[in-house]
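Asker: What follows is each chain in one-letter form.
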Amino acid sequence: MSRDAMLLVDALRDPATTRGLDAQGWTELLSMARAEQLVGTLAERLKIESVPPKVAEILAEARINADYQHRSALWEADCARRALAGYGGKVVLLKGTAYVASGLKAGEGRSIGDLDILVARDDLSQVEEALLDSGWEWVKPDPYDDAYYRDHMHELPPLIHKERDRMIDVHHTILPLTARRRPDAVAMLGRSKPLPFRGGVGAGPVSVAQGLTSPTPDPSPEGEGRLHTLAPTDMVCHSAAHLFADGDLAGGLRNLWDIHCLLSEFSTPDFWPSLGERANLHQLSEPVERAVRLAHQLYGTQIPQEWAGWDRQDKWYVARLTARDGWGRPTRQFIRLIFYIRSHWLRMPLLMLARHLWVKWRKG
Amino acid sequence: MHEFRVQVGPAAFRIGSAWRAPIDQLAHLYRDYPQPDFTDFTVRLEPTTWLRRWLRPSVAIGGDYMLPDAAPLPLAQGLLAAEMAMNLQMALGWRRHLLLHASAVERDGRVLVMTGQSGSGKSTLSALLGSEGWRFLGDEFVLLDPVTGNVVPFPRLISLKNEAIAAMQSAQPDARFGPLLAGTPKGDIRHVVPPADAIAQMGQGGAPALLLFPRYGYPGAVREVAPGETFMRLTQASTNYVALGEAGFITLTRFVKSVPSRAIDYQSGDEAIALVEKLWERLA
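Residue numbers (this note's numbering), protein chains in the order written: chain A, -11 to 352; chain B, 3 to 286.
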């Protein structure tokens, strides 16, 4: 019973490692996978393995769930596209929805919650207005929180659609404005690519899932009116920033699996040098290098010699990422706490953090 | 963690608890059920904070699937916490059948399904019928098989609320009851073990033959329910209709097309049973 989530990491890296599992082992693996939002991914990975019939039923269920989430996510993306049809700028899908819409391996079986989009900072009020006109509304009516988001964050306060009950996060960059690292959001938008889909009236809901990814002839070479995704290098930079330069590594195993899939799929001799340059441009060299090293270390990602290596801090990251037991419970509370404190430290200068926590504490 | 495993119909649960008491209660009430090796879901009963393990113990409802804002319960209601957590796993995680929030009983291989809001009496009715020549299949969830269209039994503990507790105690004084859980968010609750045949035959389902929408507290009446209304009400009574996509639509459409449905009002258990028998004879 002293297993940690390395059991899950092993199963994802090499599905054959599950062959020796007994009923107890499977139960623990599945609980961990659910807790880490990775059971759909695990189901995809184990497709080729022969597993006990009971396990096969659970994995089939996980695939049904993933299909449902993907359907909803693409539908939600298309709703946003239609709401923003009158907006002239680029609308870039981020994270899970982007992976699924692009047909990337990182999207296979992936769980998806909110819709995340990136738009130009100067256009925020225009985008906000268009979404409010189409049925989205504020989640947090609190004036302090609202002002905090607008002044210091990389996204608008979250909006929720009043009929579909789905959240949208509208980003204008990928890290909080108060963070020390300042990624170049303008460059990211500049290199983003339109998805091969134009949609429009009459396309209908059924065509959405196929439509976003199908290689239909491009009616508008400029990609006008279409959703975009980040360029491959920027996709990796964003994912690494999200994992190691923001937040407390909650859901980290899933994020690292995204990175593993992206790197494996994009890997060409040209890709790696341009990833290095791009990470440098976005002031994200350290998180990107760490992401590459840890993806290699945990998931066995093939990486070039010059990216390999080991940082003495890495072991703490591994300990935090795998801090879960066979009941699906979070473990290693002290390491978790340190990473939690670190996440605030990364996000804002100390004095500002103190003020923020003071206000939040007084408000209860 | 103290641990207990139980198989209810097609679903197997692993329940872990930081305290002994809820596990002992579960083991006692579920003692006639199979104890599986493989489990579909894990349920966790843990203190809300480390202090709450001993001091005014407070049980957080956890597991593979959780609601972020689920209110904790006092340890005295630990059994209820476990039952709620098991329901939650089914509602949020089960995708092998179309799940309807409904109760069901079987006779001659054919199944009567009853659905309605909390307080409609569907749970109590299924329990009463279960001792009146019907086989009890479940009082919380009805599982529809997408392949065969049959109802698959899910006979977990029957959860009696408020006045239904006394009604059941006088109808079935020999049944095995759990502790009285007074003052829960849903009032007084007492669990009762389903009849022996319900547990022994829980692997055996049946074809749905009649759907009723019971309503307790109104003068006796029967009303036809049009298929369109039935369909809409059942989509709302289902926890996974949307998630199942096309399979959910096909399963529900087949059910609505093949099963007659009626709304019934009643003021007492005896009245309801007489109504049910009459409708069953005529329609099923």
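For the record, the hints were derived by calculation from the structure and aren't laboratory data.
We put the beta carbon where it would ideally sit given N, CA and C, even for glycine.
Any given hint might turn out to be false.
As the list claims (entries may be wrong) - Covered, in the sense of this in silico footprint (three residues per stretch, anywhere, with C-beta under 8 Å from a C-beta of chain A), are these stretches of chain B:
no.	region
1	123 to 135
2	208 to 220
3	236 to 247
Said to hold, decoys possible - One-sided excerpt, in silico: chain A residues whose CB lies under 7 Å from chain B:
no.	residue
4	Arg22
5	Gln25
6	Lys42
7	Glu49
8	Ile52
9	Trp63
10	Gly316
11	Pro318
12	Gln321
13	Phe322
What the hints assert, rightly or not - Residues of chain B placed beyond 12 Å of chain A at every Cβ, according to the derived structure:
no.	residue
14	Met3
15	Arg22
16	Met68
Asker: For every hint, state whether the structure bears it out.
Answerer: For each hint, the structure was consulted:
1. 123 to 135: violated (count 0)
2. 208 to 220: violated (count 0)
3. 236 to 247: holds (count 4)
4. Arg22: Hint holds; Arg22 (chain A) Cβ to chain B Cβ min 4 Å, cut 7 Å.
5. Gln25: 11 Å, violated
6. Lys42: 4 Å, holds
7. Glu49: At about 4 Å, which falls below the 7 Å cut-off, the nearest Cβ of chain B leaves the hint on Glu49 (chain A) intact, so it holds.
8. Ile52: 4 Å, holds
9. Trp63: 11 Å, violated
10. Gly316: 6 Å, holds
11. Pro318: Constraint on Pro318 (chain A) not satisfied, violated at 11 Å.
12. Gln321: It is violated, given that the least Cβ distance between Gln321 (chain A) and chain B is near 9 Å, above 7 Å.
13. Phe322: Violated. Min distance 13 Å.
14. Met3: For Met3 (chain B), whose nearest Cβ neighbour in chain A is about 6 Å away, the distance does not exceed 12 Å, so it is violated.
15. Arg22: 16 Å, holds
16. Met68: Violated, because the least Cβ-Cβ distance between Met68 (chain B) and chain A comes to about 9 Å, which does not exceed 12 Å.
Hint check: violations occur at hints 1, 2, 5, 9, 11, 12, 13, 14 and 16; the rest are consistent with the structure.
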